[in-house]
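All chains should be built: construct the whole structure from the sequences, respecting the hints.
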Amino acid sequence: MSTFKRIVVTDVDGTLFNDMKKVSSEDMDTLLRLHENGICTAVATGRSIWSFTKVAGENFPVDYLIFSCGAGVMDWRHKQVIFESGIGPDGIDKIKSYLFSLDADFCIHDRIPRNHYFYAYSTGKVNPDFDRRGEAYASCRKKYDDIERATQFLAIFGTEDHGAIISSADEYLKEFKVIRSTSPMDNRSLWMEIFQNGISKGAGIDIIARQFGISRNDIMAVGNDYNDMDMLDWAGTSFVTDNSPDELKRMYIPVRSNNCGGFSQGVDIWLKKY
1 MSTFKRIVVT
11 DVDGTLFNDM
21 KKVSSEDMDT
31 LLRLHENGIC
41 TAVATGRSIW
51 SFTKVAGENF
61 PVDYLIFSCG
71 AGVMDWRHKQ
81 VIFESGIGPD
91 GIDKIKSYLF
101 SLDADFCIHD
111 RIPRNHYFYA
121 YSTGKVNPDF
131 DRRGEAYASC
141 RKKYDDIERA
151 TQFLAIFGTE
161 DHGAIISSAD
171 EYLKEFKVIR
181 STSPMDNRSL
191 WMEIFQNGIS
201 KGAGIDIIAR
211 QFGISRNDIM
221 AVGNDYNDMD
231 MLDWAGTSFV
241 TDNSPDELKR
251 MYIPVRSNNC
261 GGFSQGVDIW
271 LKKY
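Sequential numbering of the sequence shown, starting at 1, is according to our numbering.
By construction, these hints were calculated from the structure, which means they are not laboratory data. There could be a bad hint or two in this list.
As the list claims (entries may be wrong) - Below, computed lysine to aspartate or glutamate pairings styled on EDC-like, alpha-carbon distance capped at 16 Å:
#, residue 1, residue 2
1, Lys96, Asp145
2, Lys125, Glu160
3, Lys174, Asp103
4, Lys249, Asp233
5, Lys22, Asp75
Following this line, the structure appears as structure tokens:
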């Protein structure tokens, strides 16, 4: 096993991937350069293993995959899951009841590594982003809710007060991890993801760092949305791309957008420290 002394972690959609869901030649060269210099590389994404592989391919040049917002961590080069988490029957029932009380459209995702499969609960109300996601992943939709252990819940809200929804969920679901993100489909809707407590992209980085005895000061992260905040807070040096919400650009170091090599710019700035 390689001995790493530093780690570079990047979000995928809206950060490493441009708006065409591709990685630029500049950013790909940066990933390869990091590997050649013995620096551990990891992607941290809300995507499942299946979803990430579908868009990136099986040979994407990183060392680790932190997937499903940290619910799982994979040694990407050896294709071995080294950490997984899930929600048991009692937790599933409590979260279901709460989302029913909100009259929410939501999905329950199966356990890792089959968590690309999901069962969808629809209220039947107008919710284009929920419908769009269901259509995009129609091949993964289960016909029956027979999930006994879930990786996560995903509730999708359109024009409602997003801040109020998250505050309510944080209060009622204290024993779980509630993560806010902006829909990668319409870039407006609220995706509220609910996991077992303690799950986050930052916690996923910590699992990797502990393997090699790497301190937070030797870790950099790049992101672009609210679901990256725990990762950005955890890393010693953190950047956000120019396409991030203004609130995040005031909190972390801003770099160019995901369409203009923001990831590479962040890496170059960080490497100057060494």
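inquiry  = Of the numbered hints stated earlier in the document, which are not met by this structure?
reply    = 3 and 5
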